[in-house]
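Trainee: Position chain B against the provided structure of chain A, taking the given hints into account.
Protein chains: 2
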Amino acid sequence: MTFAERLDDPGLTIAELGEQGLLRLLKSYCPTDVVGDDAALLTPAPGQQLVVTTDVLVDGVHFSDRTTPPHSAGWRAVAANLSDLAAMGATGLGITVGLSLPPNCPVFWVEQLYRGMADCLAIYGIPIVGGDVCRAEQRAIAITALGQVEPQFAWQRKTAQVGDAIVVTGSHGGARAGLALLLGEPLDIFHGADSGERSLQDELIRQHQYPRPRLDWVESFRAFVRRGRSGEHWVTAMDSSDGLGDAIFQLCRASGVGAKVFADAIPMPQALRSLSDQALNCVLYGGEDFELVLCMEPQLAAQICGEPSFTAVTIGQITANSEVLLLQEGGIRRRLDLESGFQHFS
Amino acid sequence: MTFAERLDDPGLTIAELGEQGLLRLLKSYCPTDVVGDDAALLTPAPGQQLVVTTDVLVDGVHFSDRTTPPHSAGWRAVAANLSDLAAMGATGLGITVGLSLPPNCPVFWVEQLYRGMADCLAIYGIPIVGGDVCRAEQRAIAITALGQVEPQFAWQRKTAQVGDAIVVTGSHGGARAGLALLLGEPLDIFHGADSGERSLQDELIRQHQYPRPRLDWVESFRAFVRRGRSGEHWVTAMDSSDGLGDAIFQLCRASGVGAKVFADAIPMPQALRSLSDQALNCVLYGGEDFELVLCMEPQLAAQICGEPSFTAVTIGQITANSEVLLLQEGGIRRRLDLESGFQHFS
Numbered sequence: 105m106t107f108a109e110r111l112d113d114p115g116l117t118i119a120e121l122g123e124q125g126l127l128r129l130l131k132s133y134c135p136t137d138v139v140g141d142d143a144a145l146l147t148p149a150p151g152q153q154l155v156v157t158t159d160v161l162v163d164g165v166h167f168s169d170r171t172t173p174p175h176s177a178g179w180r181a182v183a184a185n186l187s188d189l190a191a192m193g194a195t196g197l198g199i200t201v202g203l204s205l206p207p208n209c210p211v212f213w214v215e216q217l218y219r220g221m222a223d224c225l226a227i228y229g230i231p232i233v234g235g236d237v238c239r240a241e242q243r244a245i246a247i248t249a250l251g252q253v254e255p256q257f258a259w260q261r262k263t264a265q266v267g268d269a270i271v272v273t274g275s276h277g278g279a280r281a282g283l284a285l286l287l288g289e290p291l292d293i294f295h296g297a298d299s300g301e302r303s304l305q306d307e308l309i310r311q312h313q314y315p316r317p318r319l320d321w322v323e324s325f326r327a328f329v330r331r332g333r334s335g336e337h338w339v340t341a342m343d344s345s346d347g348l349g350d351a352i353f354q355l356c357r358a359s360g361v362g363a364k365v366f367a368d369a370i371p372m373p374q375a376l377r378s379l380s381d382q383a384l385n386c387v388l389y390g391g392e393d394f395e396l397v398l399c400m401e402p403q404l405a406a407q408i409c410g411e412p413s414f415t416a417v418t419i420g421q422i423t424a425n426s427e428v429l430l431l432q433e434g435g436i437r438r439r440l441d442l443e444s445g446f447q448h449f450s
Numbered sequence: 105m106t107f108a109e110r111l112d113d114p115g116l117t118i119a120e121l122g123e124q125g126l127l128r129l130l131k132s133y134c135p136t137d138v139v140g141d142d143a144a145l146l147t148p149a150p151g152q153q154l155v156v157t158t159d160v161l162v163d164g165v166h167f168s169d170r171t172t173p174p175h176s177a178g179w180r181a182v183a184a185n186l187s188d189l190a191a192m193g194a195t196g197l198g199i200t201v202g203l204s205l206p207p208n209c210p211v212f213w214v215e216q217l218y219r220g221m222a223d224c225l226a227i228y229g230i231p232i233v234g235g236d237v238c239r240a241e242q243r244a245i246a247i248t249a250l251g252q253v254e255p256q257f258a259w260q261r262k263t264a265q266v267g268d269a270i271v272v273t274g275s276h277g278g279a280r281a282g283l284a285l286l287l288g289e290p291l292d293i294f295h296g297a298d299s300g301e302r303s304l305q306d307e308l309i310r311q312h313q314y315p316r317p318r319l320d321w322v323e324s325f326r327a328f329v330r331r332g333r334s335g336e337h338w339v340t341a342m343d344s345s346d347g348l349g350d351a352i353f354q355l356c357r358a359s360g361v362g363a364k365v366f367a368d369a370i371p372m373p374q375a376l377r378s379l380s381d382q383a384l385n386c387v388l389y390g391g392e393d394f395e396l397v398l399c400m401e402p403q404l405a406a407q408i409c410g411e412p413s414f415t416a417v418t419i420g421q422i423t424a425n426s427e428v429l430l431l432q433e434g435g436i437r438r439r440l441d442l443e444s445g446f447q448h449f450s
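Chains as they are written, first to last, in my numbering: chain A, 105 to 450; chain B, 105 to 450.
Hints may be right or wrong, so weigh each one.
Pairs involving identical chains hold if they fit within one copy or between any two copies, as the list cannot separate such chains.
Claimed, not checked - With a straight-line cut-off of 25 Å between C-alpha atoms, the simulated DMTMM-like cross-links for lysine to aspartate or glutamate are:
1) Lys262 with Glu427
2) Lys364 with Glu307
3) Lys262 with Glu289
4) Lys364 with Glu301
5) Lys262 with Glu433
6) Lys131 with Asp441
Calculated from the structure, these hints are not laboratory results.
Chain A with its partners taken away, still in its complex shape (with noise of 0.2 Å):
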């Protein structure tokens, strides 16, 4: 039998292929010149500061057989790893990947989580440079991606000024309520299960299972400056992956700011947009939308905005005092603070 034809068997668990035979074929993942040693050689560009970002993904915390078929349980490793790159306003040069396996884990599944990291990494071209494999009682896989930025373009925290514009890219909460529907938990949005509600179920799955990180926005982002649409202004920056809610408050946070969010502007899937309290706890606290949350000049907000070609819209502004405010129908509708987020050990 080829090894090949020992791989589609579907029941064939780690233990039975063996380290080597397990190694074969994770190797055949990433580019051959970068394998085979004991660490991977990376060449990045002249002039640019290295970034560096580490994520751990557990059986049952971050995925599970049940909401995630282990191809997208690959891709949202991934994407949460690239995520906090295109934080930084950085580009990507490679990932290493960290496996813990169990050894009755099917082959199949293992295949099937690299196909799906591959995936997603073949949409902005970074290779798998590296990893380490071994034995454990519970799945995980430890990502950590290496990317690269203009040190006087890389994006940081604790930079935002009192009157900057909030921009934030893409659509929010619906990672987290696509996880409510595989989860079976009951969500007061859905009534019924007519077609246009099963519809709008499947596209909250889908953001929940293969989110896009904004390493493309990044480039866009770049692309408009060096096009001479507008000086680089400074932007500060965070990505969404523990809620809409927490990167603004970890933001202001970081520059000692407070800030005033409106919630009617906060672009959302149709389905959360009666913003009764659920909808609104998916928008604020879901996470896992992995996009991004910007502070920079209202002018260059609104250039930004205002072309077409880039996703983001502007949702509030950064004020002087520490509060952050959710602010809807001219009143107060929260105050946001840490504690609502996720917590790993509560």
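Mentor: Showing chain B alone in chain A's frame:
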């Protein structure tokens, strides 16, 4: 109660400290200028290639409370990764740490783990530049180490030439013998418990718990070459993390060559010098000594091994056939193969 006073409580768990408190504790081990954003920024020296390697260490597989106090677990996790940088001929830039922890894990354990990592890193002046922490059923540490190397000096595995000398640093087999002692495995090399044996045993345990990666050796080698004692010759290298025998076999396979190795020339702890089958297994396949195995021209090997400042010994030679033979007293003691090494999933 102050934050520091809370940490003094030896019974405090991660769940009681909470995620924000845990992050505050872990960030205290990072330079203040690199943490606080979605990713860390590093500045490689101009013209250097980036070197990246990942290792995952799991409780019960790579360390355990029985054999590895948390300070040692942290030290060894760092040593394993820095050793991979050394095997590429690189110097260190920084590491990221992805930590998986059960909620009932004592904060004390995490603090000791980080102290162990920091103590090993401090020898080489390498910072912790980022990381992630998440809930899991089993403790695990995923480290990615970043280094740099001048492109023409990056060591690989596939460049060994027929006639090259095989040179090793340090001493081999001690880490595995120390682990056996910690596990209470019977060792035929010890017979009684006199004070002489106890001191040898303590040394083996130290070699298991506190291995020294060979970044210092790489720096000495570069300095030696720069001082003009030798032209830079081509060096092929790998570390002995999976055992000396495994390293030699892998180097030979990658380079399409064979080797003969003289058992009596291998540097090893005094306790293993009987070279009983059990002692030989420790030396060849014990692993985790984190020494370097290098192939180089015999003339360079003679110069290096003749310098008192280098802990380096020639133990064999690269040959034209594909067999890897361990010779003793003029005969073949063993043929080395891949299957004798550590298998994660068997």
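Trainee: Look at each hint and say if it fits the structure.
Mentor: Hint by hint, here is what the structure shows:
no. : hint               : in the structure
1   : Lys262 with Glu427 : within (16 Å within a copy, 60 Å between copies)
2   : Lys364 with Glu307 : neither (30 Å within a copy, 62 Å between copies)
3   : Lys262 with Glu289 : neither (37 Å within a copy, 54 Å between copies)
4   : Lys364 with Glu301 : neither (32 Å within a copy, 71 Å between copies)
5   : Lys262 with Glu433 : neither (30 Å within a copy, 68 Å between copies)
6   : Lys131 with Asp441 : between (44 Å within a copy, 21 Å between copies)
Checked against the numbered hints listed earlier, the structure breaks hints 2, 3, 4, 5; every other hint is satisfied.
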